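Trainee: Each chain is listed here by its residues.
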Amino acid sequence: MAVDKKSSKEGYIELRFGPRWKYIACARSFIQNFLAISIADQTRADKIAMAASELLENAVKYASGDDTHILVNVYPETEKIRVQVINKASDESIKALKQVYGKISDENSLDAYVSQMKEAALRSDGKSQLGLARIRYETGGDLQMEIKDNVVRVMIDIG
Amino acid sequence: MNRLKIEPVVEERIKIYVDDSPQGVSIRFVGDIDMEDPSIILDPLFDKIHEGVIKLGVKEVSADFKELNFLNSSGIKGVAKWIMKLSEVDDDNKYVIKIIHNKDITWQVTSLPTLTFLVPGAVQVE
Chain L
1 MAVDKKSSKE GYIELRFGPR WKYIACARSF IQNFLAISIA DQTRADKIAM
51 AASELLENAV KYASGDDTHI LVNVYPETEK IRVQVINKAS DESIKALKQV
101 YGKISDENSL DAYVSQMKEA ALRSDGKSQL GLARIRYETG GDLQMEIKDN
151 VVRVMIDIG
Chain W
1 MNRLKIEPVV EERIKIYVDD SPQGVSIRFV GDIDMEDPSI ILDPLFDKIH
51 EGVIKLGVKE VSADFKELNF LNSSGIKGVA KWIMKLSEVD DDNKYVIKII
101 HNKDITWQVT SLPTLTFLVP GAVQVE
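The listed protein sequences derive, respectively, from chains L and W. Using the numbering used here, count along the first sequence one by one with no gaps and you end on 159. Using the numbering used here, count along the second sequence one by one with no gaps and you end on 126.
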């Protein structure tokens, strides 16, 4: 899947790693530090770092294969920030992801988050399926998902 | 030792202390809850707290998140699961969960107030 990386003026970081849980906290801190020198708004930086962390958690939990890829772009002209996480996933994981994505996209972000929280609280399978709803509500961003040949790209644009 | 006789949780990245408070019981979270499956520590802890406060007739539990740097969505699920237990108890056994948050930590400002929507009247955020 093609990944848009940069234009001449934007800043970006790109990390690729074999999906290991212990790397996520490091990636979160790294992204937060990158954003601290890229944008002035600390609250926005915190939200983006949270979003990146949740997307990576999803990728590590549900990825098949060993390559998880995160890209954070900062567009100074529009002050937009884009976070995208790309990984391979099984048919079963993709089906579950599509289901959650479809469900939360149908409601406003607060209702979707609260409703996913209630559902998560009643689940007994160890999953929460709360990450995407949380990202959408807490960042107020535009969440998108693309799937091609079992490669999943989840992307959030935060204005 | 607190009146519920609950030992603190001490893990590499998170410590959780349970203490008596003038109003009832307080829980204090220090560190990060960002492990893959926080239910391993949160579910048994919240079960003990829930059962203990009902048994002793405690009417208020404060949950102090001020020193919690990060809580992942699986951890939020754990907290939500605890709160949802209050939808199943009868009026005599109900207690209030007072969430104390840190206004300087962004996720706490955005996420913790949403917990008040789970069970009407069960949670207050201050």
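Mixed in with the good hints there might be a few duds.
Unchecked claim - Here are the simulated distance ranges between beta carbons:
#: 1; chain 1: L; residue 1: 22; chain 2: W; residue 2: 104; range: 24 to 30 Å
#: 2; chain 1: L; residue 1: 11; chain 2: W; residue 2: 54; range: 28 to 34 Å
#: 3; chain 1: L; residue 1: 98; chain 2: W; residue 2: 44; range: 31 to 37 Å
#: 4; chain 1: W; residue 1: 56; chain 2: L; residue 2: 20; range: 31 to 37 Å
#: 5; chain 1: L; residue 1: 107; chain 2: W; residue 2: 94; range: 36 to 42 Å
#: 6; chain 1: W; residue 1: 121; chain 2: L; residue 2: 103; range: 45 to 51 Å
Stated by the list, open to error - One-sided and incomplete, this derived list gives chain W residues near chain L with beta-carbon spacing under 10 Å:
#: 7; residue: 1
#: 8; residue: 32
#: 9; residue: 34
#: 10; residue: 37
#: 11; residue: 92
#: 12; residue: 93
#: 13; residue: 96
#: 14; residue: 107
#: 15; residue: 114
#: 16; residue: 121
Everything labelled a hint here was simulated from the structure, so no lab data went into it. Computed from a predicted model, the values in this text were never measured in an experiment. All residues carry an ideal CB built from backbone N, CA and C; glycine is no exception.
Trainee: Which of the listed hints are broken here?
Mentor: 2, 4, 5, 6, 7, 11, 12, 13 and 16
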